[in-house]
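Asker: Residues per chain, in single letters:
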Amino acid sequence: MSKKVLVIESEPWLGEHFENLLRRHEFDVVTTSNAYSAIDMIDEEKPDVIVMGLMLSGASGLGLLHELQSYVDTAKLPVVVCGSAVGLSLEELQPYGVRRLLDTSTMRPDDLAAAVRSVLS
Amino acid sequence: MEAQEGKRMGGADRGQRADEPALVAAAAGELNAPLVLLRQLSLALADQGLSASERQKLTERMTLTAERALRITRQLSFHSDAPQLIALEPVNAVTLCQEVVHELAPLFRAHGHAIAVQPRSKIPLLIADRELLRRILVSFGDNALHYGSDKHPVRLTIAQHDDHVRVGVRDYGPAVPNDIWQRLDGRIQRRSAVPLARRPQTSGVGLIAARKLTEMMGGTIGVTRHRDGATFYVDMRVSGQMSLL
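Protein sequences appear in the order of chains W and G. Using my numbering, read the first sequence as starting at 1 and increasing by one per residue. Using my numbering, read the second sequence as starting at 1 and increasing by one per residue.
Simulated from the structure, these hints should not be mistaken for lab results. The structure displayed is predicted, hence computed values, not measured ones. There may be inaccurate statements among the hints.
Said to hold, decoys possible - Here are some chain W residues the structure puts well away from chain G; computed CB gaps all over 10 angstroms:
hint: 1; residue: M1
hint: 2; residue: S2
hint: 3; residue: E11
hint: 4; residue: P12
hint: 5; residue: D48
hint: 6; residue: P95
hint: 7; residue: T104
hint: 8; residue: R108
hint: 9; residue: S118
Stated by the list, open to error - Some but not every residue of chain G turned toward chain W, in silico, with C-beta under 7 angstroms:
hint: 10; residue: N32
hint: 11; residue: V36
hint: 12; residue: L37
hint: 13; residue: H102
hint: 14; residue: K122
Where a beta carbon is used, it is the ideal one built from N, C-alpha and C, also for glycine.
Here chain W stands alone, though its shape is the one from the complex (with noise of 0.2 angstroms):
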């Protein structure tokens, strides 16, 4: 059974590029560009792993975090970042239960299947 993840990205398009690179390697995929309604999506979807971006619409990407790891159920989903000059380094964010932390100035398009296969195995 293919992993699901959750693309949480406030560019559209760029939250489609990664679903559609997800899909290619087979994973289940789905995608919001709203911190709120993700919060609802993880309830509902119950993904595997969570790829975003840290400046998200309706709160921030840290904001996002901080409530994750408010709830027992959530607070061990693994987290892939993928941001640019983000400011932060993955031990800042480790905390927060980001595993992972690509630059989106600089990945190439499989690396982002390749961080999620990292963070589930």
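Given chain W, put chain G in place with the hints provided.
Answerer: Okay, now just chain G, sitting in the frame of chain W:
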């Protein structure tokens, strides 16, 4: 102040220079988003397995994204040159808003969204640099596109309040129930200190520059937060020309 209509404001505004580093940082941040998107779209275009229609879609998106980046650079140029170039004149807000809608409509359509002017009559002329105000409203529209829902068109609103005309860009995000709003928003604002203005695509040029440029034209800028979105607006003085008509 009415006597300034049609004249150029002379001299550099030294006050604005103090915030230059913040503006440069904001501009870098804001330009980053379309450039990242362009890069990712071009990488996607390199995929040999794409159909002709997929290629066409990607190409169109790259063009629209490049235009978005160019609008940001144009706004930066305006900011740099504005103190010498601002030419205040009576401006019809309704026709100006229609021009903004005309400029942004292709980008909105490509995202499956819509933008429209809320019809208004009997709105007096306002005082502004027409091109500068247009750029500010386009910047608000750009921001609204990325925040708004596809179920509600972004609306440009125009209203007179005493001696000024308020021109706003109203977007509709998802409606958030009050209890969740209070719980999440209060917490998020405290923890991560992200103000409303710091929404995606609004890292700075759209607001830092817009505020300064609006003030240079004798107006003010503001935002009203709604439960299901926000209105970014400028308040510009009413033109005295109306009373002569």
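Asker: The structure should be examined with respect to each hint, and the outcome stated for every one.
Answerer: Verification of the supplied hints:
no. : hint : in the structure
1   : M1   : holds, 25 angstroms
2   : S2   : holds, 20 angstroms
3   : E11  : violated, 6 angstroms
4   : P12  : violated, 6 angstroms
5   : D48  : holds, 23 angstroms
6   : P95  : holds, 12 angstroms
7   : T104 : violated, 5 angstroms
8   : R108 : violated, 7 angstroms
9   : S118 : holds, 20 angstroms
10  : N32  : holds, 5 angstroms
11  : V36  : holds, 5 angstroms
12  : L37  : holds, 5 angstroms
13  : H102 : violated, 22 angstroms
14  : K122 : violated, 35 angstroms
Figure legend: structure checked against the earlier numbered hints; hints not met, in rising order: 3, 4, 7, 8, 13 and 14.
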